[in-house]
Amino acid sequence: GAVVSQHPSWVICKSGTSVKIECRSLDFQATTMFWYRQFPKQSLMLMATSNEGSKATYEQGVEKDKFLINHASLTLSTLTVTSAHPEDSSFYICSGRTSGTQQYFGPGTRLTVT
Amino acid sequence: GNSVTQMEGPVTLSEEAFLTINCTYTATGYPSLFWYVQYPGEGLQLLLKATKADDKGSNKGFEATYRKETTSFHLEKGSVQVSDSAVYFCALPDGSGNTGKLIFGQGTTLQVKP
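Residue numbers (this note's numbering), protein chains in the order written: chain A, 1 to 114; chain B, 1 to 114.
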């Protein structure tokens with residue numbers, strides 16, 4: 001139980017284009033979803049917290065106009081990287097939680113911007 | 001807010017060796033503590049957790065005991081296998097109310113050689 005999927009698992013896009021990453025909770029309702037970014041050999045950096053039906057809360061230093069997060073339902077959240085640039089290349093991981101503190105993580109999406 | 005510190009890696013061991021990865025924390029109260037594992041190219045998986053002081057979390061031969069006296073949650077395994085090679089993260093809630101946010105340690109890379 002408590003499975004989170006992400007799609008796509010990897011994506012290559014050209015500089016200046018936008019790319020959308022989906023995060024789905026397959027067997028539970030995620031009242032809160034989190035988006036993280038991970039650079040090689042580093043820890044996870046929380047980008048934003050999204051609650052179903054409300055605007056996402058972004059961490060300090062994260063550009064909300066560049067990283068658009070939508071949490072339209074209890075099982076789906078999307079992260080859109082707008083006007084992507086090579087420095088946006090990274091591993092993006094989402095997680096979902098129902099209540100309490102335990103989070104269930106997706107497998108991650110590898111974004112490469114050329 | 002809460003914080004967590006992990007021993008720096010990488011840790012390189014031979015198969016069947018004993019493993020310890022140190023984790024210490026600072027926190028208000030006695031929050032749940034977690035160990036997550038990340039295999040190459042994948043998202044995070046919950047390895048084990050402890051929800052109160054003196055609890056021992058265990059899974060797949062790994063153990064960690066919630067020690068409030070030393071504010072530690074060290075991860076141990078008696079006999080590691082090559083398949084245990086991964087990055088291990090210690091984590092706890094950020095302490096800022098019921099946000100569900102987790103604070104992660106910097107991660108410790110474990111490499112097990114045959």
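Keep in mind the hints are simulated off the structure, nothing from the lab.
Ideal Cβ placement from N, Cα and C applies to all residues, glycine included.
Errors might be hidden in some of the hints.
What the hints assert, rightly or not - Now the in silico label distances, taken between C-beta atoms and shown as ranges:
| # | chain 1 | residue 1 | chain 2 | residue 2 | range |
| --- | --- | --- | --- | --- | --- |
| 1 | A | Gly16 | B | Ala53 | 50 to 60 Å |
| 2 | B | Thr99 | A | His7 | 21 to 31 Å |
| 3 | A | Ser5 | B | Pro40 | 35 to 45 Å |
| 4 | A | Val3 | B | Thr20 | 25 to 35 Å |
| 5 | B | Gly1 | A | Ser99 | 40 to 50 Å |
| 6 | A | Glu63 | B | Lys56 | 22 to 32 Å |
| 7 | A | Glu63 | B | Ser96 | 14 to 24 Å |
| 8 | B | Glu69 | A | Cys13 | 46 to 56 Å |
| 9 | A | Leu76 | B | Gly41 | 17 to 27 Å |
| 10 | A | His85 | B | Ser58 | 15 to 25 Å |
| 11 | A | Met45 | B | Ala53 | 39 to 49 Å |
| 12 | A | Thr17 | B | Gly41 | 31 to 41 Å |
| 13 | B | Gly61 | A | Pro8 | 13 to 23 Å |
Unchecked claim - Calculated pairs, DSS-like style, for lysine-lysine (alpha carbon to alpha carbon, straight line, at most 27 Å):
| # | chain 1 | residue 1 | chain 2 | residue 2 |
| --- | --- | --- | --- | --- |
| 14 | A | Lys14 | A | Lys66 |
| 15 | B | Lys77 | A | Lys41 |
| 16 | A | Lys41 | A | Lys14 |
| 17 | B | Lys60 | B | Lys49 |
| 18 | A | Lys41 | A | Lys64 |
| 19 | A | Lys66 | A | Lys41 |
| 20 | B | Lys52 | A | Lys41 |
| 21 | B | Lys56 | B | Lys77 |
| 22 | A | Lys20 | A | Lys64 |
| 23 | B | Lys113 | A | Lys41 |
| 24 | B | Lys68 | B | Lys52 |
| 25 | A | Lys64 | B | Lys52 |
Verification of the hints:
no. : hint                            : in the structure
1   : A:Gly16 <-> B:Ala53: 50 to 60 Å : holds, 52 Å
2   : B:Thr99 <-> A:His7: 21 to 31 Å  : holds, 26 Å
3   : A:Ser5 <-> B:Pro40: 35 to 45 Å  : violated, 19 Å
4   : A:Val3 <-> B:Thr20: 25 to 35 Å  : holds, 31 Å
5   : B:Gly1 <-> A:Ser99: 40 to 50 Å  : violated, 21 Å
6   : A:Glu63 <-> B:Lys56: 22 to 32 Å : violated, 43 Å
7   : A:Glu63 <-> B:Ser96: 14 to 24 Å : holds, 22 Å
8   : B:Glu69 <-> A:Cys13: 46 to 56 Å : holds, 51 Å
9   : A:Leu76 <-> B:Gly41: 17 to 27 Å : holds, 24 Å
10  : A:His85 <-> B:Ser58: 15 to 25 Å : violated, 44 Å
11  : A:Met45 <-> B:Ala53: 39 to 49 Å : violated, 29 Å
12  : A:Thr17 <-> B:Gly41: 31 to 41 Å : violated, 24 Å
13  : B:Gly61 <-> A:Pro8: 13 to 23 Å  : violated, 34 Å
14  : A:Lys14 <-> A:Lys66             : holds, 16 Å
15  : B:Lys77 <-> A:Lys41             : holds, 23 Å
16  : A:Lys41 <-> A:Lys14             : holds, 25 Å
17  : B:Lys60 <-> B:Lys49             : holds, 13 Å
18  : A:Lys41 <-> A:Lys64             : holds, 25 Å
19  : A:Lys66 <-> A:Lys41             : holds, 24 Å
20  : B:Lys52 <-> A:Lys41             : violated, 30 Å
21  : B:Lys56 <-> B:Lys77             : holds, 13 Å
22  : A:Lys20 <-> A:Lys64             : holds, 14 Å
23  : B:Lys113 <-> A:Lys41            : holds, 19 Å
24  : B:Lys68 <-> B:Lys52             : holds, 9 Å
25  : A:Lys64 <-> B:Lys52             : violated, 36 Å
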